[in-house]
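K.L.:
Each chain is listed here by its residues.
There are 2 protein chains.
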Amino acid sequence: MVTIEHIREARERLGDAVHQTPLLESTLLNRLLGHRILFKAENFQKIGAFKARGALNTLRVLQERGEPLRSVVSHSSGNHAQAVAWACGLIGIPCTVFMPETASAIKQQATRSYGATVVTTPTRQEAEAGSAAMEQEGAMLLHPYDRDEVIAGQGTAALEVLDDGLQPTAVFTPCGGGGLLSGSTVVFRELAPKTALYGVEPVSANDAARSYRSGSLFRFEEAPKTLADGVQTLSLSERTLRYIRRTDGIIEVDEEEIVYWTQWLTHLLKVTVEPTAVLGMAGAARWLAGRKKPETVLVILTGGNLSSETRARIWDRDLLQTVPEPGV
Amino acid sequence: MVTIEHIREARERLGDAVHQTPLLESTLLNRLLGHRILFKAENFQKIGAFKARGALNTLRVLQERGEPLRSVVSHSSGNHAQAVAWACGLIGIPCTVFMPETASAIKQQATRSYGATVVTTPTRQEAEAGSAAMEQEGAMLLHPYDRDEVIAGQGTAALEVLDDGLQPTAVFTPCGGGGLLSGSTVVFRELAPKTALYGVEPVSANDAARSYRSGSLFRFEEAPKTLADGVQTLSLSERTLRYIRRTDGIIEVDEEEIVYWTQWLTHLLKVTVEPTAVLGMAGAARWLAGRKKPETVLVILTGGNLSSETRARIWDRDLLQTVPEPGV
Chain A
118 MVTIEHIREA RERLGDAVHQ TPLLESTLLN RLLGHRILFK AENFQKIGAF
168 KARGALNTLR VLQERGEPLR SVVSHSSGNH AQAVAWACGL IGIPCTVFMP
218 ETASAIKQQA TRSYGATVVT TPTRQEAEAG SAAMEQEGAM LLHPYDRDEV
268 IAGQGTAALE VLDDGLQPTA VFTPCGGGGL LSGSTVVFRE LAPKTALYGV
318 EPVSANDAAR SYRSGSLFRF EEAPKTLADG VQTLSLSERT LRYIRRTDGI
368 IEVDEEEIVY WTQWLTHLLK VTVEPTAVLG MAGAARWLAG RKKPETVLVI
418 LTGGNLSSET RARIWDRDLL QTVPEPGV
Chain B
118 MVTIEHIREA RERLGDAVHQ TPLLESTLLN RLLGHRILFK AENFQKIGAF
168 KARGALNTLR VLQERGEPLR SVVSHSSGNH AQAVAWACGL IGIPCTVFMP
218 ETASAIKQQA TRSYGATVVT TPTRQEAEAG SAAMEQEGAM LLHPYDRDEV
268 IAGQGTAALE VLDDGLQPTA VFTPCGGGGL LSGSTVVFRE LAPKTALYGV
318 EPVSANDAAR SYRSGSLFRF EEAPKTLADG VQTLSLSERT LRYIRRTDGI
368 IEVDEEEIVY WTQWLTHLLK VTVEPTAVLG MAGAARWLAG RKKPETVLVI
418 LTGGNLSSET RARIWDRDLL QTVPEPGV
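These protein sequence lines map, in sequence, to chains A and B.
With the working numbering as the guide, the letters of the first sequence map in order to residues 118 to 445.
With the working numbering as the guide, the letters of the second sequence map in order to residues 118 to 445.
The following block holds chain A by itself, in its conformation from the complex (with noise of 0.2 Å):
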């Protein structure tokens, strides 16, 4: 299992390559609602999300113990293969990403610029499969949860908000993989072990709240839909499940509340956010209609990586008329 003792290597090995991102609130969302809750920036990380962290962990884990490392492969559409394309720029090592034709021109446009060769497939599957297919011939295939280091990495946002010296009454993340929650588990288990730690879903994307309450793996036989297209994932893995497994509980959500706080974020915080990011306040209002007297909690966002057509798709209405109030 991942120990703190990782957590805090890993912050090491880390450096000055990756950001300490900055804790974020709103005056007036605070204001709004009768309590404080702080925002981890990880928007404003490396490549736009906090993947690069265990990204470049694991790629200087492995250097360190002097395993080869000719090239490196990937597929993705997301935040994971642009954080791969930018590790593997950094530290010298030929990167090759996969990535679905479907995938938008400015995603392909950064992974590009972070060094990657990016071959466009027509299809998913066919990504997957030349990625498959490399990784046959010697690349390592650089998987974007089921992984100690990749844990031990995300794991370092958490211990950074520890080492500012906040200790909220609870946390929210999201939860698609289950990278950043188990990471983050591991963190305030030992160094805030009084602090409530949950994941948040899209309802429609609700594996990890299955696995959770059942207690086994729980698997979607194809990629549920919703906006929050980071925790699209068809399940989480044993790995992730027995971190996961130790927190207080997985919130669903619906979509409507996912547009809502994209929206409201974007306007008090000043930030772009993805709609994967905002779960975690989502999650974060639900809970807190529950609270009677005034908590401090942590939100983390997770990304800011917005394509055109989701962009499109959170402001085809306009959610700003309606203010945040405390029980809603």
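In short, the hints are calculated from the structure, not lab data.
Hints are supplied without guarantee of correctness; some may be wrong.
[What the hints assert, rightly or not] One-sided excerpt, in silico: chain A residues whose CB lies under 7 Å from chain B:
1) L145
2) N160
3) I223
4) T383
5) G421
C-beta: ideal position from N, C-alpha, C; glycine also.
Since chain A is already given, all that's left is putting chain B on it; use the hints.
P.N.:
Below, chain B alone, put in the same frame as chain A:
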């Protein structure tokens, strides 16, 4: 004239009531343009814009002088109104803001939440009339730029940049009434005289450019049309023109450049910026296109208060397909 000492005093006076806003940069943008561009993120300032600085400095100066301050009045649908409401709330003076009904619901809500009484009127002219009537009855009308204490307050943003150790080759700020540019001019001319200083305006609202060229105040008959609603002022004042004549010029940009950079800075910096806020970047891009060796420049992002209507107009087409490149 405002001196660097006035600006240093203003910063002492403002203390922790305003944020020392961060300097942001995008590695990708730097690489694409071949220059280093640093952004002073005043969109993260209290009330979401630099205007908080000048408004609070003014009220605190009047308090220090022991001037009777029974009530303050303002009219605006913009950032200055919110700044006045916020500053009055902070020091406990009743404040009335007259806003035209066309002001967006969220701006009205924000202004109310700072503790101001908001009076909506059918037209902008009636808002001004209401404000003038209250001034007649003894309320203090806080002008958005034609006042030394406001200029000194706005100058504190530039002072923070120099205290961060940054000595840019050139600085680019939007220019509406000229308060921010005036304050910045005092700071840079005094402490970094080799730094070039430019104001940036939409070509459709180029009163400052015309005044700069002719040396005498040019005034529009009616509010010019531009997406950059923060610089729709009819003219500089004689006071601000005196400072602005000491800059290196006013760069005029078109509406397409404003939309382009609003989209790209939202995407690259992961920040919410209003169209006015990106004027500096639009001007910097023009200026950098003519530079042969890599430069380090500063852009002041003035605010992030974007109405739903403006957001819809910014994103009604997709300019993220056209990647920034040098000389464009």
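K.L.:
Now tell me, hint by hint, if it's right for this structure.
P.N.:
The hints, checked one at a time:
1. Restraint check, L145 of chain A versus chain B: the minimum CB separation of about 6 Å is within 7 Å; hint holds.
2. Hint on N160 of chain A holds. Least Cβ distance to chain B is approximately 5 Å, under the 7 Å limit.
3. Taking 7 Å as the C-beta contact cut-off toward chain B, the hint placing I223 of chain A at the interface holds, the least distance being around 5 Å.
4. Using the Cβ-Cβ criterion of 7 Å, the hint placing T383 of chain A at the interface with chain B is satisfied: the shortest such distance is roughly 5 Å.
5. Taking 7 Å as the C-beta cut-off, the interface hint given for G421 of chain A holds, the closest approach to chain B being about 4 Å.
Consistency with the previously given hints is maintained throughout, with no hint failing.
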